[in-house]
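Participant: Chain by chain, the residues:
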Amino acid sequence: MADTDNIAVQCKGVTKTYGSGSTLVHALRGVDLEVRTGELMMLVGPSGSGKTTLISIIAGVLGRDDGECIVFGHDFRHMSHYEKTRYRGQNIGFVFQLFNLIPTLSAAENVAVPLIINGVKRREAIGRACEILSRVGLGDRTYSPPTQLSGGQQQRVAIARALLHNPKLIVCDEPTSALDHETGHKIMELLHDVAVGVDRALIVVTHDARIFEFADRIAKMDDGHILSVENSNYRLTNKKKN
Amino acid sequence: MNFIALKMLVGNRARYLSIVIGLTFASLLITQQSAIFMGLMTRTFGFLTDTALPDIWVMDPKVQYIDDIKPLKETESIRVRSVEGVAWAVPLYKGLLKARLSNGTFQTCNVIGLDDETLIGGPPRMLQGKLSELRRSDAIIVNDIGAAGKLATVLPDGRRVPLKIGDTMELNDHRAVVVGICQVQRTFQSQPVVYTTYSRATVFAPRERKLLSFVAAKAKPGQDFHTLCQRICKTTGLAAYTKDEFKKLTIRYYMKYTGIPVNFGTTVVLGFIVGIAIAGQTFFSFTLDNLRYFGTLKAMGATDRVLLQMILLQAALVGSIGYGLGVGTASALGTLLGRTELSFLLTWQLLLVSASAVMVICAVSAILSMRKVIRLEPAVVFQS
Ligand SMILES: Nc1ncnc2c1ncn2[C@@H]1O[C@H](COP(=O)(O)OP(=O)(O)OP(=O)(O)O)[C@@H](O)[C@H]1O
Ligand SMILES: [Mg+2]
Chain L
1 MADTDNIAVQ CKGVTKTYGS GSTLVHALRG VDLEVRTGEL MMLVGPSGSG
51 KTTLISIIAG VLGRDDGECI VFGHDFRHMS HYEKTRYRGQ NIGFVFQLFN
101 LIPTLSAAEN VAVPLIINGV KRREAIGRAC EILSRVGLGD RTYSPPTQLS
151 GGQQQRVAIA RALLHNPKLI VCDEPTSALD HETGHKIMEL LHDVAVGVDR
201 ALIVVTHDAR IFEFADRIAK MDDGHILSVE NSNYRLTNKK KN
Chain E
1 MNFIALKMLV GNRARYLSIV IGLTFASLLI TQQSAIFMGL MTRTFGFLTD
51 TALPDIWVMD PKVQYIDDIK PLKETESIRV RSVEGVAWAV PLYKGLLKAR
101 LSNGTFQTCN VIGLDDETLI GGPPRMLQGK LSELRRSDAI IVNDIGAAGK
151 LATVLPDGRR VPLKIGDTME LNDHRAVVVG ICQVQRTFQS QPVVYTTYSR
201 ATVFAPRERK LLSFVAAKAK PGQDFHTLCQ RICKTTGLAA YTKDEFKKLT
251 IRYYMKYTGI PVNFGTTVVL GFIVGIAIAG QTFFSFTLDN LRYFGTLKAM
301 GATDRVLLQM ILLQAALVGS IGYGLGVGTA SALGTLLGRT ELSFLLTWQL
351 LLVSASAVMV ICAVSAILSM RKVIRLEPAV VFQS
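Residue numbers (the working numbering), protein chains in the order written: chain L, 1 to 242; chain E, 1 to 384.
Hints are computed from structural coordinates only; laboratory data are not their basis.
Note that the structure is predicted; figures quoted are calculated from it, not measured.
Heads up, a few of these hints could be off.
Derived lysine-lysine pairs resembling DSS-like cross-links, with alpha carbons at most 27 Å apart [said to hold, decoys possible]:
| # | chain 1 | residue 1 | chain 2 | residue 2 |
| --- | --- | --- | --- | --- |
| 1 | E | Lys130 | E | Lys150 |
| 2 | E | Lys94 | E | Lys218 |
| 3 | E | Lys234 | E | Lys70 |
| 4 | E | Lys210 | E | Lys234 |
| 5 | L | Lys121 | E | Lys7 |
| 6 | E | Lys372 | L | Lys84 |
Rough simulated footprint, nothing fancy, chain L against chain E, three-plus residues with beta-carbon under 8 Å [stated by the list, open to error]:
| # | stretch |
| --- | --- |
| 7 | 5–15 |
| 8 | 297–311 |
Pulled a few chain L residues facing chain E out of the computed Cβ check, cut under 10 Å [stated by the list, open to error]:
| # | residue |
| --- | --- |
| 9 | Ser106 |
| 10 | Pro114 |
| 11 | Gly127 |
Even for Gly, the Cβ is constructed at its ideal location relative to N, Cα and C.
In isolation and in its complexed conformation, chain L is listed as follows:
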């Protein structure tokens, strides 16, 4: 049982269908997946294989049909709508493909949103948002609205937002697909450096083969199944470098 201590996410036989009758889609057909703390798990696979569906279920924004899914010892099935929402607010960070930054708020205000949702006072939250923005290299853009930032800068703001409240699990859906190769690399380095810690885990969904090297493990999906989970050598190469 010592093993369960470093398990962040445990999925067993998770299924999910959309629609009904002739439009029924089996998005997940029994997924088993284990994500450990301290690792960056990458989820890859062709379009429509169920990657987004899987992380939506793991992050508690979508209900599963069947199977088991335990996130840091919690099963969303056994929580009320309110408890689920609050659990997400405190423990899960999100990075979206389209960033989803509120266009009428400044970068710092956007980053501060999760803290404010968790009841931190606006002034303090924005102060802390400014600090983390400096850490991701945007210390001079804290007052800029998202529209005045480049794609890479917006994605860094989104990552800062996912990190600020210190969530245990961060889920990212295609975090680099809107970015060019070089920026994508920088973003992944950043994510790996700031987000991976001993007591937290990171799940990154991607199509982008160029960033596979940042994974600790890669889970390959197809047609609602996990085909394989392989170790990647990111850490090893990096450790050699250092």
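Chain L is already provided as a structure; the job is to place chain E with the ligands on it using the hints.
Facilitator: For chain E with the ligands alone, coordinates are given in the frame of chain L:
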């Protein structure tokens, strides 16, 4: 979260402005039109407001409103006077007579004949001359707006010379001399108002068997007006109303038998629809625009209650700004138009009515928006 809600709204300038303008327009339309309506309605009984002294008005039972004259026999005022509890009762003549102006055109005037002895029922305010001068021969008193307006002499170059003391005119072919200028409430038909004595009015008026329009009576101190009215009815067979009853009778007539309430009602409803259509719909589209962000907030842990609060705050903000601007503009217009023929009466009840209308518009659009946000699956945030 409040500042996020406000920034989301105000930052979207185009939507924000159209919502506020829509609400401003709606509350302006509703407030202004109903204020004009109220003004018009008080004009219908302007004569009763002017003639403040009598407590009780006695008339033919078939009379439906104040300008609906059904003449009584001269002797009725004596009969009313003899009813127990009546302090005094005076005859009043009220009728429309044609005045011939110096340039030969005719103008209908609202002629009021006062009891020769007491001159009870005279104008509330004399601007020039004295009421008692009505006792001079052929004397009349005209109201200032009539004297400067419809009764004025128009010079060949188009200038208007107001009727003044000492001028003469012809009322139904009888000579009349102006001895005073008074001020009265504007009446519904806005005809010039001419005061004279009862006996002279009957001379001016076309020959008829009966000429007495109303008997105006005063109750003895301590008398209950309603029981006195009933007693007068019983003994004389005439209708007797307190001043307020007579006002209500008049308003009810106008409400029932003229298209005025329908007209104004239509405009008010139109204002309401404009509000819903422009402001309400824009507010709803604004929420739809932001659905992705509401979903993001939801995914990031904002509870439904917090999101609803945000929407309510947004609705309250546009509602109060729109209402303030609308009512402000309405009363500014009212003040400007106060000097013209237009009637305008903005009461606190009307402010409440338009506030409720704006609140309903905001509430409807907020509720529709809230439904959208509540039903929103937070999983949408991952959809591109
Ligand atoms: N809301 C939905 N309603 C109906 N079907 C859906 C819905 N969301 C996803 N699907 C279907 O479920 C399957 C899995 O979708 P999912 O989005 O999880 O795939 P994905 O691996 O993320 O694909 P992509 O790489 O294109 O993002 C697809 O066939 C998709 O069409
Ligand atoms: Mg996807």
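Participant: Output the numbers, in ascending order, of every earlier hint that fails for this structure.
Facilitator: 11
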